[in-house]
Amino acid sequence: MLEARTYRAESIQAALLLAKAELGPDAVILDVRHLEPRHLLGGPAVVELVAAPGSPAVQRGPGTPGIPAIPAIGDPVVLGLTALGLSPRFAAELVQAYRQGKGPSRDLRRVLAARIAEYITVAPWLPLGGRMILALVGPTGVGKTTTALKLAAAARTDGFAVQLISCGGDEAHDARSETLARSFGLPFTRAANGVELQRALRMTSGQLVLIDTAGANPFDPRAIAALEGVLASEHVIVALTLSVGGDLEETLEAARRYAPLRPRALILTKLDETRRPGLALGLAERLARPLLALTTGTRIPDDLVSASTPALTELAAWTLERLERRAAVRPPS
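Sequential numbering of the sequence shown, starting at 1, is according to full-length UniProt numbering.
Please keep in mind that the hints were generated in silico from the structure rather than gathered at the bench.
For every residue, glycine included, the Cβ atom is placed at its ideal position computed from N, Cα and C.
Fair warning: there could be bad hints in the mix.
Computed beta-carbon distance windows for the label pairs [claimed, not checked]:
#	residue 1	residue 2	range
1	Asp158	Ser183	13 to 21 Å
2	Asp158	Thr6	16 to 24 Å
3	Asp220	Glu324	37 to 45 Å
4	Phe219	Glu48	18 to 26 Å
5	Ala192	Glu234	20 to 28 Å
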């Protein structure tokens, strides 16, 4: 049996270089995982990579005739996906599905969708068959207010009774939110604290109630605790709202700090403000919460995409095509 060895570095690429320097260019990458920073604030992210010397005993065979074998983790396209946060297994299966689906008489979207559905759960945000109270929480600047307005406007267009509640924001923020809400004909109310929020919830009969919370610094335990107190109700579904335009590890770390709020859903915003929208796939997989919606701009409610496997499939296909093109023109090392 070949001995597996573990390497740690600040990135997958750096860890891979260490492994190949010691084990040779044919080293087989067995696993990759992202470790939490060692320090509460400012600690560097660490990647742990497990590899073994190349050998026919551990190399994959040619696979089923006509269907590409699952690519190695060292495949440049797989590396590109893992850099977007996808697990090595999910990344390798997506690349296999993409290459399989591009063959003659293959349905690319179908095979990609089958893989995505195994790793990412999507859920409806419309209150089908009942009432839904959805509270959007997340860091300042991720677009919670705009997203809440988009969801409310889209739901109203579909015939649902909606209610917007701005909770815990400052006076200027609430005034701007109310002006926007009124301009779209959306019912709006303010709640300064948990007591007022509970009163507002009792007074509304809206099928979809959207609670827009003030941005909370995820690294300030007091801010998280205060928000937890405001939203302390079993009827409120907390939706963690994050931008895909930031650093992957910092975004994941921020998400972990919202754990006391027990978020049961995920909304990802600002896919239009990054050159790596594929991060949405990695975040959705890594955070393991049902994905409700994606936002792609500031227009209300137009720049809103309800999360679905077909929508994620289009995003995956675009990302894979881009990574394959980049790998094809990369000069050999």
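Each hint tested on the structure:
no.: 1; hint: Asp158 with Ser183: 13 to 21 Å; result: holds, 19 Å
no.: 2; hint: Asp158 with Thr6: 16 to 24 Å; result: violated, 51 Å
no.: 3; hint: Asp220 with Glu324: 37 to 45 Å; result: holds, 42 Å
no.: 4; hint: Phe219 with Glu48: 18 to 26 Å; result: holds, 24 Å
no.: 5; hint: Ala192 with Glu234: 20 to 28 Å; result: holds, 22 Å
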